[in-house]
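Student: The primary structure of each chain is shown beneath.
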Amino acid sequence: MLNIHNLSAKIDKKSILNGLSLKIKPGEVHAIMGPNGSGKSTLANILSGKKGYDISGKVSYENNDLFNLAIEERAHKGLFLAFQYPLEIPGVNTSNFLKTSLNAIRKSKGQKELDALEFLKIVKKKASELKIDEKILNRQLNVGFSGGEKKKNEILQMSLIEPKMAILDETDSGLDIDALKIVAKGVNALRGKERSFLIITHYQRLLDYIKPDFVHVLMNGKIAKSGCMELAEELEKTGYEKI
Amino acid sequence: MREKELEKLKEYKYGFSTDIETIKAPKGLNEEVIKFISKIKKEPKWLLDWRLKAYKRLKVLKEPNWQKPKYPKINYQDLYYYSAPKSFKEKPKSLDELDPKLLETYKKLGIPLQEQKRLNNIAVDAVFDSVSVATTFKEKLTEKGIIFCSISEAIQKHPDLVKKYLGSVIPITDHYFATLNSAVFTDGSFVYIPENVRCPMELSTYFRINASQTGQFERTLIIADKGSYVSYLEGCTAPMRDENQLHAANVELVALDDAEIKYSTVQNWYPGDKDGKGGIYNFVTKRGLCKGKNSKISWTQVETGSAITWKYPSCILMGDNSIGEFYSIAITNNYQKADTGTKMTHLGKNTKSKIISKGISAGFADNTYRGLVDIGRNAINSRNYTQCDSLLIGNKCGAHTVPYIRNKNSLANVEHEATTSKISDEQLFYCNQRGLNQEEAVSLIVNGFCKEVLQQLPMEFAVEAQKLVGISLEGSVG
Amino acid sequence: MIENLKKTFESFNKKFISWPNNNRDKFFNKFMKMGFPNNKIEDWKFSNFNNFVSKNFKSLNTNFENLTSFKFDKYVNSFDHNKIIFINGEFKDKNFGNEEKEKFVCSDIKSFGEHLRLTIEDECENSLNLLNNAFYLDGLSLIIEKEYEFKKPLIIYNVFKTKKENNFFNQKIKIKVGENSKIDILLLNINLGSEPIFLNIYNNISLKKDAIVKLYSSSDLGEKDIFYNFNSVDVLNNSIFENFIFSNSANFYKNEIKCSLNEKYSSSFINGAIFSQNEQTHEIKSRIEHNDENTKSYQKIKSVLDKKSKSVFQGKIFVSSKAQKTDGYQLSKAILLDKESEFDSKPELEIYADDVKCSHGSTSGNLDEDAIFYLMSRGLSEFEAKKLLIKGFLNDAVETITNNEIRKYFSSKIESKINEYR
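Chains as they are written, first to last, in the numbering used here: chain A, 1 to 243; chain B, 1 to 478; chain C, 1 to 422.
In short, the hints are calculated from the structure, not lab data.
By construction, the Cβ of each residue, glycine as well, lies at the ideal position given by its N, Cα and C atoms.
Misleading hints may appear alongside valid ones.
What the hints assert, rightly or not - Derived contacts from chain A toward chain B, CB cut-off under 7 Å, selection only:
hint : residue
1    : 50
2    : 72
3    : 75
4    : 81
5    : 84
6    : 91
7    : 104
8    : 144
Unchecked claim - No farther apart than 25 Å at their CA atoms in a straight line, the calculated lysine-lysine pairs in the DSS-like style are these:
hint : chain 1 : residue 1 : chain 2 : residue 2
9    : B       : 408       : C       : 357
10   : C       : 325       : A       : 14
11   : B       : 422       : C       : 296
12   : C       : 307       : C       : 386
13   : C       : 386       : B       : 343
14   : A       : 109       : A       : 131
15   : A       : 185       : A       : 131
16   : A       : 135       : B       : 354
17   : B       : 349       : C       : 208
18   : B       : 352       : B       : 226
19   : C       : 285       : B       : 343
20   : C       : 58        : C       : 208
21   : B       : 451       : C       : 357
22   : B       : 408       : C       : 71
23   : C       : 224       : C       : 55
24   : C       : 408       : C       : 182
25   : C       : 208       : C       : 151
Between the sequences and the hints, there should be enough to build the whole structure, so can you do that?
Tutor: Written out as structure tokens, the structure is:
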């Protein structure tokens, strides 16, 4: 599904990623852990197409050269990033935004665009499944949302869009245990043979609920160690210094 | 060549022109032309005298030059001041007599005039160049005593009302373009809502400039008698021509005791091409008088067209407890220029005004909010709240905020706020990541920025306006 | 008035006729074409200056021979300071205590060499600047070397006590501050006499890289005095200009400032408190030009108006297309205490760059009834409650002063003005 080969990235001549390689197959859930500044968010941003990085290396996504695809094309092809800091867009109704986004993606796949009623039915169902208060749908996109509400909104978007490859950038940070469960529920509900996840996190906490297939430690812009769930538990005990 | 034209039409879909035979007044501006207009419209003598008085005044007035957009000198002698479809020597009595070409034109503009295809619950007066061609739903309105017709017809059929109110809000001596309009105005709409009548449908006028080298000088007069309510919409388009065309309209609103007028405009005159060639000069005077106590006048405008827009829909709050509102979106792209805003003149006690202005500039455009809030000595307990927000897209354009605030009353409160912002790269990235392309993302964000104003528009118009907001900014990012 | 001014000029100019390239007459002739500003001119829209001149003066005279001199020592006792004293427009004395004398040059303008005098004329933004160029009598030139921080603030005492035949004073203050140097200045304009004066000062201040200038201004002028103060300020890389104006006296007082933030990371702070009474008119007009990236400007003007007075704030933030990441803020608030006062404002933005943060706000209204009620319920009389609220309202602007001694000076000055208030 996603094949990252020898990826390096610089910003303002400062090196952030140094030859990172990672393969994610359909149906796999990978977790990337690492200390602050190890390049976790940079990886997520580059995969989804944020500009401003000086990049070398290769990333293929479903046999496409990822770097040849525009940001929205990546989204159309099923790549989803749950932002660490979801943006506030004043005046834009959340439900309207979700509908526009979903329809843009459906359109690109040649599917019928949903009308307001059809959409509302789906979004309300998803929201109640995730125990997200549907009131947020009528508020301005992320404006005045608490940290938890913003993250829940990201998960709601993810379950609506049903991406093939979802990247969660520190979606768990700053969440209380209930919100954390919502996030995990959102991910677990989508888990399937054709769908992969890359979960970026600082703590083991979220992984307890998601149970990834693989855990990687990112340090100094590279994968320093890979393993399975035990690695995450080990890190929680001993910290990153030992690696 | 044809393809090039078609290409251009994609950018401005109303840019086609209608091939129709016209009657024109002789080119140029002089007493003879004014007499010609007055004669062809079979006007009473008092109106001709009124026009001539305005013309006399015009000769001593100078064109204003304080506004920000500058434009090449207009040769007023090189314009036609009257142009009407030839079939219009007599106004057709019914749509069956109307030139099929005209019906076709309005259909193309999305304003079907025929009975069976009419827009739901909107009565339309269609003005083509200098004349009103058709008014729909007339009978239904007449039942309630509402008068909705062309101003020419009103001059014939309701001379007392016209005589009483014409020029009562914008005097013929007002300023250059208003005075020019008074001298040469050709047609426009007239509305009278009788006492305690709530107009059951939206009234709408659709203005279309077709002929070349023709100025459009329409005049609209709306009177809401005691306790009445009316919502009025105005839309406008013009063909794409390389020359600049002048549009200098006057709109007068009068609200008596407890009456309310809601006036909405979606202005989409041809803005000129990407290099700033052609387009309409939209120099319009709009003024409302809250004459009676508890009266209310609310202006909402979405200005996306015209090469130069220069207008300040204003309210004179004369009656105690009267309310004036101004909601505006002005979008300028390429080489468009807009200098727009409002004047709120508080004279009565407990008068309130609210101004929400959203200016968006892109390309090489210039966008100015200019406004006056004037609280008079006697306007005790009056309130004003003003909010002006500007959004810039790119750094070749300009955004300006020029508010004048005069407060002569210690028991009045005036508040003004203004901000300038941009669409951040992060916001665009977020939208892109959710599958929206650049243009969809900009349109979404800008519509969010304009939300408070778009909400003021009647439903039928709001959807149209939202699309227009997106289209006007196409190609501005990226 | 204008005819008489011509005579005044002719006799005044005789003094300078022998100068090579004396071009005072050029400026004067240009002035004669324009006349005093009137409200047809956009920058003077809210008050007709012409009227103030004709109302308060029969004729305007500037006359060297008749200048009277008197002894003036000190006015501010609350803190130690360097001082410069002007008497009736002429530079009389300076005392810089134990500052390092080789680090700066301070001189009057009258006794400058003639070649210097020629370069002293300034750009003319309006007809009063033209008058200043035609009539300037004396002034101050202060040039500070790099790397010098003044130990104490400088107070410029500009004191007048004149006879009738001397009522028109034009001065120039030029301050150049070198790299990484710093000075705090308090300009006090005081009319001790009973005859009205028309005072016209042109300030020109330039700040090199990393310099800091704090300029504070306060006046004790007479009921019929006219005071026009024009400031042209140039700010370079990473330097800071801070300005505070307290405006309370004179019949007409206009403080105009044009501040150009010409290089990256430069900033300006322009704040003011206006307390106008007795048919006075007070105007503050600012134009802040952001001409480079990452520049910052901040303005806060608080006005209290009473007894048929008028105050005006015209503030403009201009952002050139080069000045990305500009941060511009402007706030003007006014309280009208009586029915016959008037507050006008024109807060203006002119912006040509897209990545900027600019905002302005302007409010005017009356004192908060609820607050008065609250204070009265705590035992204050209505009048005391009002005074307390006014004090708090103006103090909000005074708080912006970063020099502690001078902040205290203004704070107690405003307090005593409010205590005098009836």
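Student: Hints the structure violates: just list their numbers, smallest first.
Tutor: Violated hints: 5, 8, 9, 13, 14, 16, 17, 20, 22; rest satisfied.
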